[in-house]
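A.B. asks: As they're listed, the protein sequences go chains E and U. Going by the working numbering, the letters in the first sequence line up with residues 19 to 353, in that order. Going by the working numbering, the letters in the second sequence line up with residues -13 to 518, in that order.
Read the hints as simulated data drawn from the structure, not as lab findings. Any given hint could be a false lead.
[Unchecked claim] Partial selection, computed: residues in chain U whose CB lies under 7 Å from chain E: (1) Asp61; (2) Val248; (3) Val363; (4) Leu407; (5) Val417; (6) Val421; (7) Val425.
The beta carbon of each residue, even a glycine, is placed where N, CA and C say it ideally should be.
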Amino acid sequence: MRLLRIVPDDTNFDFMRFRRISFPISALLSIVALVAFLTLGLNFGIDFKGGTLLEVRYPNNTLDIGDVRTKLEGLQLGEVQIQEIGSDGEVLIRVAQQPGGEQAQQAVVGKVRATLGDQVEYRRVEVVGPRVSQELLSYGIIGLMLAVVAILIYLWFRFEWQFALGASIANFHDIVLTIGFMSIFRIDFDLTSVAALLTILGYSLNDTIVIYDRIREMLRRYKKMPIDELLNHSVNSTLSRSVITHVTVTLALLALVLFGGRAIHSFSVTMMFGVVLVGTYTSIFIASPLLIYLGVNTRTVEEASKAAREPGKGAAKDAAKDVAKDVAKPGRAAT
Amino acid sequence: MLYFSRWKALAIVAACAIISLMAVPSLLPPAAFNDLPGFLQRKIVLGLDLQGGSYIVLQVDQAEVRKARLEQLRDDARRVLRDARVGYSGLNIQNNAVQVVIREGQDAALALTKLRELAQPLGGVLQGSGQLDTSVSASGNTITLALTDAGIQSRTIQAVSQSIEIIRKRIDQLGTTEPSIQRQGADRIQVQVPGLQDPSRLKALLGQTAKLTFRLVDTSMSPQQAEQSRPPAGTEILQSQDNPPTPYLIEQRILVAGEDLVDAQPGFDSNTREPIVTFRFNTNGARRFAEATQANVGRPFAIVLDNRVISAPVIREPILGGSGQISGNFTVQQANDLAILLRAGALPVPLQVVEERTVGPGLGADSIQAGMTASWVGAALVAAFMIATYGLFGVIAVFAVAVNVGMILGALAMLGATLTLPGIAGIVLTVGIAVDSNVLIYERIREEARAGRSAISAIDAGFTRALATILDSNITTFIAAAVLFYIGSGPVRGFAITFGIGIITTVFTAFTLTRLMVALWVRWQRPQRVPI
């Protein structure tokens, strides 16, 4: 059987030269994202904004969206969004937070139910009061920051500082672009979005670390190679893996976007953007070339490994020894 | 890297099998599940977003806790000062404190000592920390009894505990399966009731304080007159629960209260066939009710629930038996619910609903369907791609990922964790990411082979080098999942759980199962050439 081979062996693209294009593009996109975030803001969902959300289904084509609109506008509940979803007679009703504390929010559901009657199916009802929405928002922000800090600390322990800084900048870039995307396309920003952002963060770093690991290994092995060439070589030798993993994750996410249902649709779409479009691009075109500017060279790794380990051992072996200690039985390949 | 002792190999297979098999009980029909021995009766709980149900967060109103304690303190102060025969004026509640002015300067010291005794130690007398819930201070002739923050805090916690007990009693009466009632933070209660069609009844049951009192109606003037002028001292105007409401002028003095009820049942009035609630008093309540009705034959008395008049019948004859009935144009369900509320007792303070999320059973079923479809499609696509890319090694990877998913489900069952729709998304995502560890290993093997190593040596080196990277790269993702678990709630936490467990099982299978399978293949085939 002939196997599929997406990336040919021994590619040798000059990825580092792309930085003259990719850096300005990323800078531009980041600015666009920031401007969108500052002017359009995020489309806060009910979790963070508070208010009431009802998903209602009218059975057997009895939905008359105009009628629903007139009825609900008659209730004088302030800002009410009515949106037909799907083709199954389903309507999504969002009522903005009411003035007058927690009880006022609860009253909304009663009024809407009384108006629309019992002939319809109430598929989902969510009411988030002002206090809870405030808390959820601060939890979300604290959580994101906590994750970034925890990951930074881990990277700092595990790698030299130049790598940690490079990964953080790349990370920040991912988050900014994803938030910009959500802002421009008015995707609901709620707790699930925070989950999506955190996953994008973790995944994008995962990708970056795979390449960084390789760069570090190369630095130990080829002490005389110019840094541009070394970085290029590292990215090229991990390219096949990057592409294949990229495809599998895309396939999994595609299934979620197409079949995962509306409840996680905004989550899936955000992940698709963040992981598939941004994450992989960042690792190759931003995180790796950044190391040139951060002054990574053979000495960076040498000094760090000398400080951490006893001198005199082969540099190439060190990389493997990091983890393999307890599982490896060196020298006893299967015979 | 490719050598496994027989025992190690067995241990790996056993661990994978046992953890995966823990998922099986969750797939069994309920009857078969109940036949299992106890230690196997662990199953994955479906989140409310999948099985339908209501998630409600109630909050104890701290202001109410404060108000109730201050009123109690004021009444106690009045009693203490009266007992000590100390003249005072202006006993009132001001800015979170009770203030009183002692008339005679020489009484101030005595009053201060007496009032100090009202302060209660925190955490009970036995395990008290020495702190008091009230600070009593004097300036000149004015004595101030202020509530300490610690005092309010401990009373709030107490109120939450009592409320949880009462809510549990109320919900148990609804006959729903497996409700969960938990404290959340210092002043909140989280209620989860699966499989409820309409949560408005549940909310009505939770949102009512259900403070029942029997009081006399003041007939010295009509309620309308009282509304226009002022209600006489010791009375207040309360509205009936009808629509439109009728006002009543009711005495503030309570004849008997709901605490003295021992039972309440819904029933029908034998004459009118109307739904009613019958109740019985305890001995103390029966005696007081008998005395009150004896003394007031011919006068109307009111049955008041949470400051609303349910009914105000006229006492025709003394009620001595200690039981009675409440009628008030109820529907059958209203009578039923009132009986439930009276049996369970009153909440110590009013509770507010601060968050509600209800998913109807229809949407839940649709979500399960969507999750299943997405899972199968995602798995099939990934499997097809992996096999197309790596052939036999692809099959090994797919098998490892399948075991991986089995282990996630098994771990969920063992932990009794909740599976939500985002949780299913987490599993699908894990499938996409778990194969990454295989990809890393296989690509590395190919590279090593290209660099001129023999097949076996390339496979060995491929594993050794890739595993370091796999560990490094997964730890960051795991940190993100852990943070998410910490901050998230409900469905989002469900995602964090499956995603986090998925990362652990991914690393585990990469280090053990994949390696074992490749090692067995190598031993069997003795390849001259790397097959990928």
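A.B. asks: For this structure, which hints from the list above don't hold up?
C.D. replies: Violated: hints 1 and 2.
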